[in-house]
Structures are given as C-alpha cells and as structure tokens.
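Engineer: These protein sequence lines are chains W and Y, in that order. Under my numbering, the letters of the first sequence match residues 1 to 171, in that order. Under my numbering, the letters of the second sequence match residues 1001 to 1602, in that order.
Hints were generated in silico from the structure; no laboratory data involved. Since this is a predicted model, take the numbers as computed values, not measurements. There may be inaccurate statements among the hints.
Derived lysine to any residue pairs resembling SDA-like cross-links, with alpha carbons at most 25 angstroms apart [as the list claims (entries may be wrong)]: (1) Y:Lys1320 to W:Val154; (2) W:Lys168 to W:Gln68; (3) Y:Lys1320 to W:Arg158; (4) Y:Lys1599 to W:Thr137; (5) Y:Lys1209 to Y:Lys1320; (6) Y:Lys1320 to W:Ala71; (7) Y:Lys1599 to W:Asp74; (8) Y:Lys1320 to W:Ile3; (9) Y:Lys1209 to W:Ile70; (10) Y:Lys1209 to W:Arg75; (11) Y:Lys1209 to W:Asp67; (12) Y:Lys1293 to Y:Arg1372; (13) Y:Lys1209 to W:Val83; (14) Y:Lys1320 to W:Val65; (15) Y:Lys1599 to W:Gly35; (16) Y:Lys1209 to W:Gln68; (17) Y:Lys1209 to Y:Ser1347; (18) Y:Lys1599 to W:Met1; (19) Y:Lys1599 to W:Ile3; (20) Y:Lys1088 to W:Arg75; (21) Y:Lys1320 to W:Lys121; (22) Y:Lys1209 to W:His80; (23) Y:Lys1209 to W:Ala71; (24) W:Lys121 to W:Arg158; (25) Y:Lys1320 to W:Arg64; (26) Y:Lys1599 to W:Thr4; (27) Y:Lys1293 to Y:Leu1339; (28) Y:Lys1599 to W:Glu6; (29) Y:Lys1209 to W:Asp74.
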Amino acid sequence: MHITEEQSERHVLSLTVANEAGILARIAGMFTARGYNIESLTVADITQDHSISRITIVTNGPPRVIDQIIAQLDRLVPVHRVVDLTEAGPYVERELALVKVAGTGDHRIEALRLAEVFRAKVVDTTIESFIFEITGTTEKIDTFVGLMRQIGLVEIGRTGVVGLIRGKDPI
Amino acid sequence: MADSQAVTQGNAGAGNRPKTTHKERSGADILCECLVDLGVEVVFGYPGGAVLPIYDALYAHPRIKHILVRHEQAATHAAEGYARSTGKPGVVLVTSGPGATNAITGITDALMDSIPMVVITGQVATHLIGTDAFQEADTVGLTRHCTKHNYLVKSPTKLAHVIHEAFHIATSGRPGPVVIDIPKDVQVATAPYARPEPIDHPSYRPQVKADPRLIESAVEMLMAAERPILYTGGGIINSGPEASTLLRELAEMTGAPVTSTLMGLGSYPASGGQWLGMLGMHGTYEANFAMNKADLILCLGARFDDRVTGRLDAFSPNSKKIHVDIDRSSVNKNVLVDLPVIGDVGSVMADMIAMLKKRGYAKPDFSEWWARIDGWRARRSLDYVEGGEEIMPQRAIADLFTATRGKNVIITTEVGQHQMWAAQHFHFDDPNKWLTSGGLGTMGYGLPAAIGAQLGNPDALVIDIAGDASIQMNIQELGTATQYRLPVKIFILNNEYMGMVRQWQELTYESRYSESYSDSLPDFVKLAEAYGWTAIRIESHADLASGIQRMIDTPGPVLVDCRVAKLSNCFPMIPSGAAHTDMLLDPSMVSGTMDDEAKALV
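Chain W with its partners taken away, still in its complex shape (with noise of 0.2 angstroms):
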C-alpha cells in the first residue's frame, strides 16, 4: 500500500484576532492537529488599543483543503475575520530578509554589485562581511539568497510574508 498525495496550491491568508495569550498557539496547534502546513506566519498587534493582531500565515494545500482551512480558523473563538489575500483579489506581499555575507575581494564586490541590483541595504558591515536588509516578495528573496548562497552565504533571518489587498478599501 502507498500513500497518495493531492495537487497543492499556494495561499496566503490574513486573519484579524482578538491580542490575547494563547492566540497563537491556538491557530499554530490547529494547523498541525488537523495536518495542515504553514509556510510561514508572521503576527503584531495593528491597533492603538493594541486590542487586535493581524496575522499572515502562508500555506499550501489542495483548493478543499484551503477551504477547510479557512473555516476551521474562523471557527476559533477569538478570531475575528479570516480572508484570502491569493482569493481576493490583486494584493501586495513583502517579507523581509537579514542576509549575512562573508568573503573578499572579487566575492566582497560582487556581493555588493548584486545588493545594489536587488536593492538590499547594507545595516552592518566588517572588512570580511555584510549584512544585507532586503524586502520583497518571496521569490525575490529566494533568489536573492540563492546568488549569495554562491558567494558566501553565511546565514539569513527572514520575517515570513505580510500582505494587504491593493487599492483604497480594507481586507
């Protein structure tokens, strides 16, 4: 006997939910009791009152799956609105990388030269090393991440996706 698996899709979805303890290991659990993935998830609380959180959770699964998934994080009390940014229409998505660059010479100026293509910023810098702020979509940074890898990649720290729908009105 084998195990079969379905087609998956990429989605992100934005969640507002009540600032409260337990918030997120409520939505993190669900994920993994029900056997959902999470790519990445990103959480900070967006109002004065500090009352309300949005979180952004990229996930892949089968269009049923993402379905399901959906309603089940509605399903949670303190969850106030859950809404497909992949669904609803043209959106916006940034993530942001730290990426740690070590070498000289011909690597140190290429590093440089790709930075500035790519429009990193340089926020930290050694004779052997840099650290490169870079945003953009995640495939951006892949490929960011990707060149340097060849260059001397020492490590990266990356914040997950936020996303917001484009034009005037609110998710």
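Starting from the known structure of chain W, fit chain Y onto it as the hints suggest.
Structural biologist: For chain Y alone, coordinates are given in the frame of chain W:
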C-alpha cells in the same frame, strides 16, 4: 501577546472596577454566584488541593448541588449525560494536574459530540505557574484542541465575565466544552461582583438564521426531487425539542424517507412510517441503499462522518446534496455538497416549511421511490438467527425495549457491539432519550452518563446498556449512584469479549483474537452488591423476561449481568473501505481477510 494582568492580592486589577461599588467577594464566591445566576443546579466534581477554596464556598451551598464522582473522567461523562438529556449545560469542577488530565477524555468526547459543557479546573497559584509545582499541568495548553474555547483567569475581576462568556460559548452555535482554569490565588483574592451584561462577543457570532436565498434554493431542490431522503443527525437534538417537532412536520409534508446518524436517534420517531432506521456502518440495508440511490440528500445537522459515508468515492453518487449545519467547517469537509446552508437546523427547517407552505407545496407522489425502499426493507437486515441455548444479545435488547415501552426511558451505552445492537434494536420515539459516545467512541461513558441523566431526570427509568469490557472502564461510579440514591440500571450484555474488537479480528485478521478476550472478569453480581446495589444474573432464556422485569420493578440501583451468546457479531455491517452497497448482512458473508487499504482505515 501576553496577558499582562497580574494578580495583586487584595487590590486585584483596581483599574477595571465598575464605578458602582459592590461588596468585595473572593474569586470562589464570585464563581458560585455566577453559577447561581446562570441557573446551574448540579456540579459534577472531585476536590483537590487547587480547588479547596471553591469547595469551601460550595460547603452546604443552598442552591448548588455537588455530585462527588469517583474519578474525574466520570464527572465529565456525567455532565454530558445531564446535558444531553436535559438540554442544559453540564458543569464539572476538578482540581489541577491529574484532576484536569483525567477530565480530558470526557472533554474531548463532548467536543466530538457537540455537548454543551463548562469545566472548571483549579490551577496552582499564579506565581507558581511554570515552575513544575506540585499538581501543576498546563491545562489550557492541554485542553486547547479538545475544547471549543478555554481560559486561564489571572484576576478575580475578570472571573465573572469569563464565566458568563464561557457558558454563552458552550451553549450557543455548535455547542461544545469550555474549560476555565482558575489559579488558587485567584480563588482567594477578592474583587467586586456585579452580574455581567449580556454577552456581546466581538468575534464569536454564530449564524443562527440562514440566508433566505439559500432556503429558497433548498426548497426548489426539494420540490424538484424524485427520490429525496432526509439524513438527520445530532444537530437536531442540540437545536432543542422544537427542532424534532419541525423535522416531523417537514417529513410529514414531504413524505420523504428519514434516516439518522447514531447521534440523531429519537429526533424522528422510530415508530414513524417514514423511518428507515440508522444509516452507516451498522445501519439498515434500506437506509444505506436509499442514501446510495437517492437523487437528493437533505442533510440536517449531521456531518458526513466516515462511519456514515463508507467509501467516499462511492457515497451516494447520483444525488444532489444540501447540507444544513451551524458550523461552516463541517461543510465540504468529507463530502462536497451542492448547497451548503449555514444556520441552526431548527431555524432552517422552520424557514423551509414556511416557504413550502407559501408556495402551495403539495405532497408529491413518491410511491415509486417507496416501492424500491420497501424492496430493500424486505431484506430484513436486522434479523438474527435464534434457536440455540444461548441468549442472543439482540433478543436481550429487544426484550428490554418491549418491557420498558410506555415508560419514560433514557438509554445510555458504553462503546462496542452492545452500543450498535442498542441503536438497532431499541427504538426511540423522542429526542434526548438516547445518550451515547458517538464521535470519540469512549468506553466507560455509559454509567457516569446514566448518573448525570438520572440527576437531570429524577423520574425517568435510566438504563445503561453495557458490555462486560466497557463497564469496567468506569465501574467505580457504582459508588456515586449509591451515595446519591440514584436508581440507575445497568444492563450488561456479557459475552466475555471486547466484542467489536473480536468482530474486526474475525473480519480482517483471520480470527486471531489478539488480546480481545475478557479474562479474569469480576463476578459482577458480587461486585455490585459490594457497592450496595441490587444485582441480577440472567443466564438462560427462561430468566430473561423475569430478570428484566425484576430490574425495572426494583427500586434503587440495579445491575443485570446478562450472559449472552459469546460469538455473535453485529450485522448488518459495511466493512471499512467499502461502499454502502457492499453490506455484509450475516456471518456467511465474512471472508476473514482484507487488503491493506481497508486495514489502514479505522
């Protein structure tokens, strides 16, 4: 993210105080006051270090009756039995650590079967949380995924609001268990108490009334159907007795056949002409074939559970499906439906009936459909062969049903063959009379559930139909029934096996009975007598009717050890991984082996 509100004893959360001055009360007193305000009459619990302040507040309490169980798991099942039979939420009070972990099985059971329940757990003092203190467990962490919602209350000023909100969440929408974890210092610290305003929750707003356009579509689909079937479930029971009345009206109006899940038995009367019996793995031939051949399934408060659908790609292939459910996540989870209707099933049925009437709906002629159903009925799938010396378990249940007809009977069960036989051969005409662990399948549910049901229904004849293995899982509750003089009856179908396990071993593993024989069974009669119960043993056909009658006529708790045929199996059966049309009707159809795909399914 963290809830930064810390407890300062004697001056707890001064900033949150309402402007009107109220006498300060301890957290424990506030809890009791809330329970009284919420109409709670019975609490099932077990004391321990971290709930001593609450137990002191309950000492000789004039309004709240505390039922002392013998194990915390039983407190949760008793609360479920109370809730399921009365429609009111069940309330549990247990201590920290092992008290809370023992309660988890019953909490999960209540989640799976959508039973309204509020569980109050003691916790170590706030300054000890996270230090691995004595009897400390991360109760909110442990119960996060087996509750509808849970709380850790860190200040007595928040207690009243949390308790009222917890009851609101437990009882509204799709009901379920809610845990409130209260550290010991919060029980002792004081705060003013004022009865909270009605709950207006910012994010939790279950949809009760369905979208009228969907009602219209549902009605149009129903009017166009030639072979409809009403597939009903526990949601109708949860919606309240009114929903069962509406179901009967809807069934009467349409003339459509009615089947039900295990959890929905009694919402449509088993004596009704349109009743097909239960569907699913141990459902009737006619119910499963009608589901398979229908052109419209109207699912009312059921959730297309794997025990109901059998093999998914062969489930009712030619039907349109309407799914009425209050929980959106139930829709399209297992089976893709054509029309989801989100709302309370009672409200939806009322709207559908009103719209059918408005449209001058006349009962269609389904005689062709009924003729086919009658053909399936003629297979008499619940029949069993008798004639030997031994009492057939089905016969014992049929006789129990006959002997108790006309009485106000509530049946609880454990889990296994006896549970399925009870569902097949005990017939329910009213809701809230059948209490069983459906979703989680918890052995040991029946006796404590019977205790809870008896407390909620003092005049009812409450019988736990049990198996010899299951009953031992919460056998200690014999003492609880004795203590509170509860006249519950236990009717054990004793075949000296974990019968359902043995049945599957016969079906799938060539009868290798790995660990399914109940060795070293106690003498149930002596055991019951030791707890102060009356006990009866039935060993032959000649004793069956008289034994049952003696059980009914004897006041106080009675245990019956009914020795039944050791090797009989529960048919009909859809084996795991099979379609509705591949039912096994009798033992001659059992081959003894299955492929790996089938073996991998539960």
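Engineer: If any of the earlier hints don't hold here, list their numbers in rising order.
Structural biologist: Hints 1, 2, 3, 4, 7, 8, 21 contradicted; others consistent.
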